[in-house]
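S.K.: In the order they appear, the protein sequences are chains A and B. Counted the way the working numbering counts, the first sequence spans residues 1 to 285. Counted the way the working numbering counts, the second sequence spans residues 1001 to 1268.
Derived from the structure by calculation, the hints contain no laboratory data. These figures come from a predicted structure and were not determined experimentally. You may find that some hints are simply not true.
To be verified - Just a few of them, taken from the derived set where beta-carbon distance is under 8 Å, the chain A residues facing chain B:
| no. | residue |
| --- | --- |
| 1 | Y36 |
| 2 | A122 |
| 3 | V253 |
| 4 | V271 |
What the hints assert, rightly or not - Simulated coverage check for chain A against chain B, where a stretch passes if three residues somewhere in it have a Cβ under 8 Å from a Cβ of chain B:
| no. | region |
| --- | --- |
| 5 | 23–30 |
| 6 | 77–89 |
| 7 | 97–104 |
| 8 | 169–176 |
| 9 | 209–222 |
| 10 | 258–270 |
C-beta atoms are modelled at their ideal positions from N, C-alpha and C, and glycine is treated no differently.
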Amino acid sequence: MSDRRKPGRGAYLVLAFPLAMLLIFFVAPFAIMIAYSFYRRIQGGFYEPAFDLGSWKRLFEPVFLDRAAFSIGISLLAGAVCIAVAFPFTFFLTRMRRRPHVALLILVLSALSLSEVIVGFAWSVLLGRAAGISNIVVWLGLMDEPRAYQPGFLAVLLGLSYIAFPFCVLTLYPPLSRLDREVTEAAQTLGASPWRTFRTVVVPIMRPTLVAGFLLVFVFTLGSYLIASILGRPQHWTLSVFISDQASFNANVPFAAAMALFLTVLSLVVVGIVMLLESRTRSAT
Amino acid sequence: MRVLRWTITAAVIAFLVAPLLVVAIVSINQNRYMDFPPDGFSFHWYAELLNDTGWRNAITRSLVIAAGSSAIAVLIATPLAYVLRAYDVRLAPLFYSLGILPFMLPPVISAIGAQVFWLSTGYFQRIENVIVSHGIFFSTLPLVTISLAMDQMDRSLGEAARTLGANPRTTFRTITLPLLLPSIITGYAAAFVLSLNEYIIAFLVAGFAVETLPIKVFNSLRYGFTPTIAAVAVVFILIAATVFTMFAIFGNLLRFLGADPGVLDHDR
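All chains, please: the whole structure from these sequences, using the hints.
M.R.: Right, here's the structure in full:
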């Protein structure tokens, strides 16, 4: 932008505080994490400065690879579920009148701000035997006795989808809202059915946004700790649970640091793809 | 298409509301067991939230952390957003990414980072640590809201003030800051709500010494159910819904979320 002024000394002085904060409390921790990942673990949950590749080698052990594969798998699934539901939902949302439009957005934002621990608790009640949905089914006479659907794989997937869904809607919302109405109207004037318009016009235009939303859900659910530990059995625990438990209860901080760095690289690659796609959408519109 | 529209909208509403509804019902159940249908009606568990010192302390702690960390978040975000948008700074994209990144990475990474950082300083398991780490992690939110407001601001106002002889500091204080205030408040509120709900960073930084509300809820879940948890959940939901409803009434919620400005006005 040409109307921006050249920064003087004052401007750099103003920048100093935020940059110093970010450098000290965000960048430095990464450097320390890298250092810690090479520390040697000694008995009793302590560790000493060293150049030990042990923690990095453990990333190739089956225990970790298993967890990583499971986490990536369930996060990809959650991404697919979210996009499949959030895309048509957001499309309809942007075409609603103002009052229901705002009301639904408030609902989405309220769900977004819910603590994971509360989402996990709510779904554990809902899927549980004592006061869950199966009681309603029994009450209606469709089932003999209530049953519990958690802990289990589907419960974890449902919980992850719940926490990621609002983010997904908010990612899809701006481009869908700006999608030129004339495009869809033109298709319909030319005789395309609403479904055909959606499939052949809206979906192709939105493809980069959809991929971006999908990847965001992927990264977001990859970091979830509480959902898997509340709604899953140990075999459903995600990488985040594994990392946090190593860091707190097993006190193997070097291994936790190595895993966190692995997750960082994975997420940065994904975030990079998202940014690339977004810049491509922006230049296309 | 119309049938599809209604089915999907209704299904999503049910999906989003169902857990909230169940929690609300459990929270006003008379006895301490979850049963269906509920046994009777009582606000007993809400009273316990205020009377039980354990819960009350956790609430106070979480409120202190949320208030302090959102203040730090705003103090980081405001100068960053202002200078990067008002001036032609070299490396601006890098600095902006640095402010966005904490929130883009899975929180567990920031949590481990914060943990090793405080461990290596030797100053560990303190509430101040949680406040600072939350402040960094959530500074992304005010950074985004304030940068958006800077983009939409009419630049001629600041130029007029300068032409009339105001120095940059006066211009900032009397023109820019008042115009940015709504976005600063929005960013503060968003950081506040999310800090109140944050678990993993607080837990790894000071979880054994500082029991925040989410940590207490999770600990209580581990050691068995009490309907007080449901009462906490309802209070949280009400706070969030109130905050966002206020945005919708007093601010422009749709534009803040990135809606097409042309569409917004046609059926107001």
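S.K.: Three residues or more, CB to CB closer than 8 Å: is that satisfied between the region 77–89 of chain A and chain B?
M.R.: Our answer is that it holds, as 3 residues pass the Cβ test (under 8 Å) against chain B, meeting three.
S.K.: Given as covered by chain B, does the region 258–270 of chain A meet the bar of three residues or more with CB within less than 8 Å?
M.R.: With 5 residues close enough to chain B, the hint holds.
S.K.: Examine the region 209–222 of chain A for residues whose CB is less than 8 Å from any CB of chain B, and state whether their number is three or more.
M.R.: Held - the region 209–222 of chain A has 3 residues with a Cβ nearer than 8 Å to chain B, which meets the minimum of three.
S.K.: Take the region 97–104 of chain A, compare each residue's beta carbon with every beta carbon of chain B, and decide whether three or more fall closer than 8 Å.
M.R.: holds (count 5)
S.K.: Does Y36 (chain A) meet its interface restraint, that is, does its C-beta lie within less than 8 Å of any C-beta in chain B?
M.R.: With Cβ-Cβ at 5 Å, under 8 Å, it holds.
S.K.: State whether the coverage of the region 23–30 of chain A by chain B holds or is violated, taking the criterion as 3 or more residues with Cβ-Cβ distances under 8 Å.
M.R.: It holds, with 6 qualifying residues against the three required.
S.K.: Can the hint on V253 (chain A) be confirmed by a CB-to-CB distance to chain B that is less than 8 Å?
M.R.: With Cβ-Cβ at 6 Å, under 8 Å, it holds.
S.K.: Holds or violated: the hint that A122 (chain A) contacts chain B, with Cβ atoms closer than 8 Å.
M.R.: Check passed: Cβ of A122 (chain A) comes within 3 Å of chain B, closer than 8 Å.
S.K.: Closer than 8 Å between Cβ atoms is the bar; does V271 (chain A) clear it against chain B? Give me holds or violated.
M.R.: holds, 5 Å
S.K.: Between the region 169–176 of chain A and chain B, see if three or more residues pass the 8 Å beta-carbon test, and mark the coverage as holds or violated.
M.R.: holds (count 3)
Comparing the model with each earlier hint shows no violations; every hint is respected.
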